[in-house]
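Asks: Sequence:
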Amino acid sequence: MLKRISALILAGATALTMAGCGSSDSSSGGSGDSSGGGAKDGKIVMGFAQVGAESGWRTANTKDIQETAKEAGIDLKFSDAQQKQENQIKAIRSYIQQKVDVIAFSPVVESGWDTVLKEAQNAKIPVILTDRAVDSQDTSLYKTFLGSDFIEEGKKAGQWLVDQYKDSKDDVNIVQLEGTTGSAPANDRKSGFEEVVKADPKFHIIASQSGDFTRAKGKEVMEAFLKSNPDIDVLWAHNDDMGLGAIEAIEGAGKVPGKDIKIITADATHDGMQALADGKINFIVECNPLMGKQLMELAKKVVNGEQVPQRVVTEETTFTQEQAKEVLPSRKY
36 MLKRISALIL AGATALTMAG CGSSDSSSGG SGDSSGGGAK DGKIVMGFAQ
86 VGAESGWRTA NTKDIQETAK EAGIDLKFSD AQQKQENQIK AIRSYIQQKV
136 DVIAFSPVVE SGWDTVLKEA QNAKIPVILT DRAVDSQDTS LYKTFLGSDF
186 IEEGKKAGQW LVDQYKDSKD DVNIVQLEGT TGSAPANDRK SGFEEVVKAD
236 PKFHIIASQS GDFTRAKGKE VMEAFLKSNP DIDVLWAHND DMGLGAIEAI
286 EGAGKVPGKD IKIITADATH DGMQALADGK INFIVECNPL MGKQLMELAK
336 KVVNGEQVPQ RVVTEETTFT QEQAKEVLPS RKY
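FYI, in our numbering the residues of the sequence shown are 36 to 368.
Any given hint could turn out to be false.
Computed spacing ranges between beta-carbons, pair by pair [to be verified]: (1) K159 with E361: 47 to 57 angstroms; (2) S226 with K78: 33 to 43 angstroms; (3) A251 with D202: 36 to 46 angstroms; (4) A234 with P265: 19 to 29 angstroms.
Derived by calculation from the structure, the hints in this document are not laboratory data. Think of the CB as a built atom: it goes at the ideal place given N, C-alpha and C, for glycine as much as any other residue.
Build the full structure now, drawing on both the sequences and the hints.
Replies: As structure tokens, this is what we get:
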């Protein structure tokens, strides 16, 4: 569907106000129709609303999406929400006004999306969720969700811990650095981990608080944990960055990370894997940020009206110290 001149002017003006990339080529455009007929001028325009740049994982995710969009010939309009839901909603509404062909976003939190998703649906623009889910009961508001199984990640972390202490009769005191409050990875990694460890009464989660997925906040919260709980055996951090911040706090308290306090994290970014190889982290559950290629393939399908699975899970593994040493030289993020 050809864009009206006024829509092009609006798109250009909006692009100046957003932290974005991607061309403003006048040939880009067209919105998907009710049958998902695709971009009529042959080039798909995607509006992508990113959470922010709160971690090394997120930075790698953003770079991968930008690069794979270019490789796929998709015109990417990008915005950084700076971890604020209202910014993401504003960006999505801007994409609707610009009549993009498809909208993709990684929700800051799970709740509060129905209204804007309904607006996209009414505009006949398909939506793809990436990395994080929403808790909407109306699953028709989005075409598919591409991302990790965060509950399974939590279970993997918990199972490693159970295996490590299977021959011990002593109590094990655990502290937990949760991700952003209300976000899918924070909710699910917590529930998956707790589901596994609660089966053995020797495991005790003595403190649990959000570190907002950032290194600085992870350090701050861990310092508070150490002051109020002198006998900590294990830290479960919902991402590498919080774990790396916690390592600074642990060392500042005169303890040895990885020995005095065993550390489990999620993501497997380069910095996290280096800390694992160095023995400061004991185990990492991978959460792969390189989902750009899958996202572009899904975008092309939904714009062309093809059926796609409602849930697409990314392939991931786990790492011990020796495995980290082996893969670090070729690690892409």
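Asks: Indicate, hint by hint, whether the structure satisfies it.
Replies: Against the structure, the hints come out as follows:
no.: 1; hint: K159 with E361: 47 to 57 angstroms; result: 49 angstroms, holds
no.: 2; hint: S226 with K78: 33 to 43 angstroms; result: 42 angstroms, holds
no.: 3; hint: A251 with D202: 36 to 46 angstroms; result: 37 angstroms, holds
no.: 4; hint: A234 with P265: 19 to 29 angstroms; result: 27 angstroms, holds
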